[in-house]
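Participant: Residue numbers (the working numbering), protein chains in the order written: chain A, 1 to 340; chain B, 1001 to 1340; chain C, 2001 to 2340; chain D, 3001 to 3340.
Worth flagging that the hints you see were computed from the coordinates, not collected in a lab. Wrong hints could be hidden among the right ones.
[Unchecked claim] So these bits of chain A aren't anywhere near chain B, every CB distance computed over 12 Å: (1) A7; (2) K11; (3) F26; (4) R36; (5) D75; (6) P78; (7) S121; (8) K149; (9) G159.
[Unchecked claim] So the derived list for chain A, only partly shown, Cβ under 10 Å to chain C, looks like this: (10) V30; (11) T35; (12) L76; (13) A212.
The model shown is predicted, which means the values in this text are computed figures rather than measured ones. For every residue, glycine included, the Cβ atom is placed at its ideal position computed from N, Cα and C.
Number of protein chains: 4
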Amino acid sequence: MLIVMTAAATKAQIDNTVRVVESLGFRAHVMPGATRTAIGVTGNQGAVDLSHFENLPGVAEAIRVTKPYKLITLDLRPDRTIVDLGDGARIGDGSLAMIAGPCSIENAKQAFAVAEIVKKSGAKFFRGGAFKPRTSPYSFSGLGKDALKILAEIRDQFGLKIVTEALDDANVDLVEKYADMIQIGARNMQNYTLLRRVGRSKLPVLLKRGMAATLEEWLLAAEYIMAEGNYNIVLCERGVRTFAQHTRNTLDLAAVPAVRRISHLPVIVDAAHGTGRSYMVTPLARAGVAVGADGLMVEVHCRPDEALSDGAQSLTLDEYEKMVSEVNAIHDVISRNGAL
Amino acid sequence: MLIVMTAAATKAQIDNTVRVVESLGFRAHVMPGATRTAIGVTGNQGAVDLSHFENLPGVAEAIRVTKPYKLITLDLRPDRTIVDLGDGARIGDGSLAMIAGPCSIENAKQAFAVAEIVKKSGAKFFRGGAFKPRTSPYSFSGLGKDALKILAEIRDQFGLKIVTEALDDANVDLVEKYADMIQIGARNMQNYTLLRRVGRSKLPVLLKRGMAATLEEWLLAAEYIMAEGNYNIVLCERGVRTFAQHTRNTLDLAAVPAVRRISHLPVIVDAAHGTGRSYMVTPLARAGVAVGADGLMVEVHCRPDEALSDGAQSLTLDEYEKMVSEVNAIHDVISRNGAL
Amino acid sequence: MLIVMTAAATKAQIDNTVRVVESLGFRAHVMPGATRTAIGVTGNQGAVDLSHFENLPGVAEAIRVTKPYKLITLDLRPDRTIVDLGDGARIGDGSLAMIAGPCSIENAKQAFAVAEIVKKSGAKFFRGGAFKPRTSPYSFSGLGKDALKILAEIRDQFGLKIVTEALDDANVDLVEKYADMIQIGARNMQNYTLLRRVGRSKLPVLLKRGMAATLEEWLLAAEYIMAEGNYNIVLCERGVRTFAQHTRNTLDLAAVPAVRRISHLPVIVDAAHGTGRSYMVTPLARAGVAVGADGLMVEVHCRPDEALSDGAQSLTLDEYEKMVSEVNAIHDVISRNGAL
Amino acid sequence: MLIVMTAAATKAQIDNTVRVVESLGFRAHVMPGATRTAIGVTGNQGAVDLSHFENLPGVAEAIRVTKPYKLITLDLRPDRTIVDLGDGARIGDGSLAMIAGPCSIENAKQAFAVAEIVKKSGAKFFRGGAFKPRTSPYSFSGLGKDALKILAEIRDQFGLKIVTEALDDANVDLVEKYADMIQIGARNMQNYTLLRRVGRSKLPVLLKRGMAATLEEWLLAAEYIMAEGNYNIVLCERGVRTFAQHTRNTLDLAAVPAVRRISHLPVIVDAAHGTGRSYMVTPLARAGVAVGADGLMVEVHCRPDEALSDGAQSLTLDEYEKMVSEVNAIHDVISRNGAL
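Here chain A stands alone, though its shape is the one from the complex (with noise of 0.2 Å):
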């Protein structure tokens, strides 16, 4: 920590503050400054709460240099996570790892025709929603226990990993015993309880970014996670708001390469959620193949115009097709580029 005194701060405030700073067991190192004097914090371990000082007299500031969090880090673990699901469905390893799906599960007939095109692309993992987090009371919000059942009969059919979200600690039992990973919502990357829970839990987890989440944010959820012992971990960027209305959200591709500077762990991009239009999905998931993401997450329905959530953000059939052409076109020029 850095404790910046005001240009009008007295040698007795000055002085007043480094007792505060050994008070709680810290090293204060005094700078004196052209206009202003600074003082070092060192010593602690973890985080100090900045408010010790903020409002002490003679301080205008106090910044905050340690970062609080620690499993997460390459500093701790400098190999890269690879998520190893089996079957060879791998997210991390540097291959493109294609996670594909209707938004939510309607019915056997539209989940099985989605399938199939999926597995036909190569993909490894399959998405459908089970339990929809939906703004409005009064939306469709998911089959439940029977669109489970349906992935389930899909996983056994195509041999596609099941990825699909849990909104609380009942739904985690239930994704536990019929799907392969466990998504975490953007609205939920705060939900601690649920976190935790996940953080026992024996599937890896997909952690969406939340819609106003700094970096920190995100990857100290990841760390509450991780705290629990579970490191089977993928970041997901999905989109951030702000104040642009031509998308959905603002999908910040630039949280890829800001991630894989901190962390360890594998993060992917979810082209639908970060637009909501699809007309933009396949160039925003070729721009986050680019950037270097480990996979995409895509939603593809039979017909969009007739689904019962996000419609305008899935793609058809056929436009996922030439999707993946496109970005396993692109993988390939950048893992020969050694870029990833």
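Put chains B, C and D on the given structure of chain A with help from the hints.
Facilitator: Okay, now just chains B, C and D, sitting in the frame of chain A:
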């Protein structure tokens, strides 16, 4: 809903769009304009999913008109809701409700010292965290049930109504046993499992606005609670996340008149989280009252520099007393002017 | 400045960083911490460019400490600036300055009708646009010099001081001839050619905050003006752009105490642009006064529904008179409490 | 335009609204709905000012439908604009235009060293600041005319087309004399005097998106230029301001397909300002090409750690050459796929 066709849309595309509208059971009103045609859609009881239309050939845009909320609107209930906790503790009746106390309950001594001042100031509500949502898994997360017991003693001794946050179903069970009002925090504003649970509670609910929630999303979160049968809801503006760095959040005081125009629910202002800096709390609390809020939520601590959480935004006991006298004087002025 | 090394930084990398710091004429303070080393940099008079350091091997982050402003700070000038336009028209002296008038001057009749009410209300300043920055090239962009002449007549007849916006150097020449105070609009807050030009003017300057300006950028825009020799500046908070859709901009009232803490310059609040909706103007004007602003800027129009620009955020004459009485009463309260 | 009445609106209020619509020369289409009535307004050539309606009694909301732009739209001109500077330097023709060079021209030696590499890489455009808009009045603000002379020499020697920023009319006069393309920076996107001036220039214009500009505002800034007769405009996405702190700006790559859908103008991506961190420039440049941009703008410097401005976001010569080879390979892929 309004469907806007592109300037180049053909008659066949317009006809087809009308056909889709009518096939869904709605009525289509074709309005040819100077440069393009628009189609009004009526007959829908609730919100229609835009995605049925916006990918149809020739459609430029689908604009939603009907808002998806029902129970929270003045349309449904023109009289303002008064949330009454008994013993004269009311929110929404034209008085200025004051909810004050420490961020978290750290021990009985601290809590009682603050409660004494809060009581003396004329406040009817005491706040204090038992379960704290913390960004880092390594931060102090509250005393839990022990804190609730201290809060219950404060209620008995001082006659203050207790407001405290619940993070999950298990918390709600305990809060119902020990407290008078359940707070839903910003991070949980779209935790629908939790919203439904408090919707089935007998206790009134204080619903904080999410960090990046639009007005509509916030009101729909209240709608979730009301849809389960709990009509005693108080909304709380606590700042939203923006690019601004001089505060922890940007307090959006315009939300108060905006809520008023749509909903019968009372709305209060949290000037502590809304700023994150103690020197701003009193000015923003004054502003909150002046804009017409039904009450204030503030954090008070005997020794903010020693607080285990959020000390930087807590008032000292002296500052709190000064603030109360200022906001009461402003409330008198605007009550006299009939501005509420 | 503080340079934070990575946890894995070698001694050689630390030594090299120290060498670079010293080669630039600064002093380096090495502070070994529990997990990583930080290096304090002192001896710099102004802000140092972070980029000299943040790409050096082993450097995790460079954090700027010294703020780049000088003339606007309380450090330099502890007494608050009072902008005095003569005849008792002062901003920053503890009174509540009221700047009112139509968005744009449409004709003499309209302007005089509004001026009469503004004068009667006790206001000392009249606003009215002659040159209007409009998002579309096809919108009404003001009467130009003809409007300035009308404004000058209003000054003569009513004794009101005239505040009007200038968009470029040529405008400033004219405004200097006809008006008393030059307004720099939000869109031009970083138009440095224009800032330098008004910095050489004899007229005081009303500097609106840019739509996405940080506090620091806003204060640095004032610094540009002061650096040219014009010390008579009034800052004006007018809302910033956020994701919120219930207002045109989100009025950031915390900017008022934040400016106060750093600068001696007066700061006022524009409740019209800050909301964009007439029904919110009075509540937010009250809040602006309660938060401690030195004045208000509002738009008043005889027939808002017929206004050529910004009618949706203008008060009628009656609404304006009611607002004035409410804000004066609040100003009395906080003056009595010594809160200003 | 669509006018939505409140649920409680009376027949008299609806009739009155229709009367106001018709009195302005428009046609009103009354559409009674299940809960409320909407009124479609047609017959307007351009955008109607919403404020004529939204304060009428019984009106809940007025929704603008017609967009206010004309010349920039595909409706008006279905063929994409190709900006051709001669000698094969074209933007918008399906090739990948590369605009590279130092942030600011510091001296001839530096500029020539960079230009040599830029030329060698196959780029056709050289960028370099002569007039730098700087947040602080005390920062280096460019060499001015001396820089322009150096740029002109580079043009002569290397055959590169020169792109450089102008901050005001006097700058434009000089840039017209020495350079090939005028850049309008983000801070000046709504400096209408400057937009009109470059609208009367013979040189093509590179128009950067403002820091908080919506898509519509950006396109309207281009409309200002076109309305004066200059049709050679290239749009440049350079990141917008959001709450995110891991980058200087949040690069909004979805703006590329969004612009494409509405306008015939070419659009490029500035990956340097869009991130502000050199380690992110190459990944985001790759993403910009993959999303379908017509070109890239990047900053290159021989010694970024010694740059007088923006060193933190500049590539070294080696990094630049590597980036060029990666983005060309991606451009080949998407050209082959017909994705442009």
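Participant: Each hint needs a verdict: does it hold in this structure or not?
Facilitator: Here's how the hints hold up against the structure:
| no. | hint | result |
| --- | --- | --- |
| 1 | A7 | holds (18 Å) |
| 2 | K11 | holds (20 Å) |
| 3 | F26 | holds (15 Å) |
| 4 | R36 | holds (19 Å) |
| 5 | D75 | holds (16 Å) |
| 6 | P78 | holds (22 Å) |
| 7 | S121 | holds (21 Å) |
| 8 | K149 | holds (21 Å) |
| 9 | G159 | holds (31 Å) |
| 10 | V30 | holds (9 Å) |
| 11 | T35 | holds (7 Å) |
| 12 | L76 | holds (9 Å) |
| 13 | A212 | holds (8 Å) |
When the structure is compared with the earlier hints, no violation turns up for any of them.
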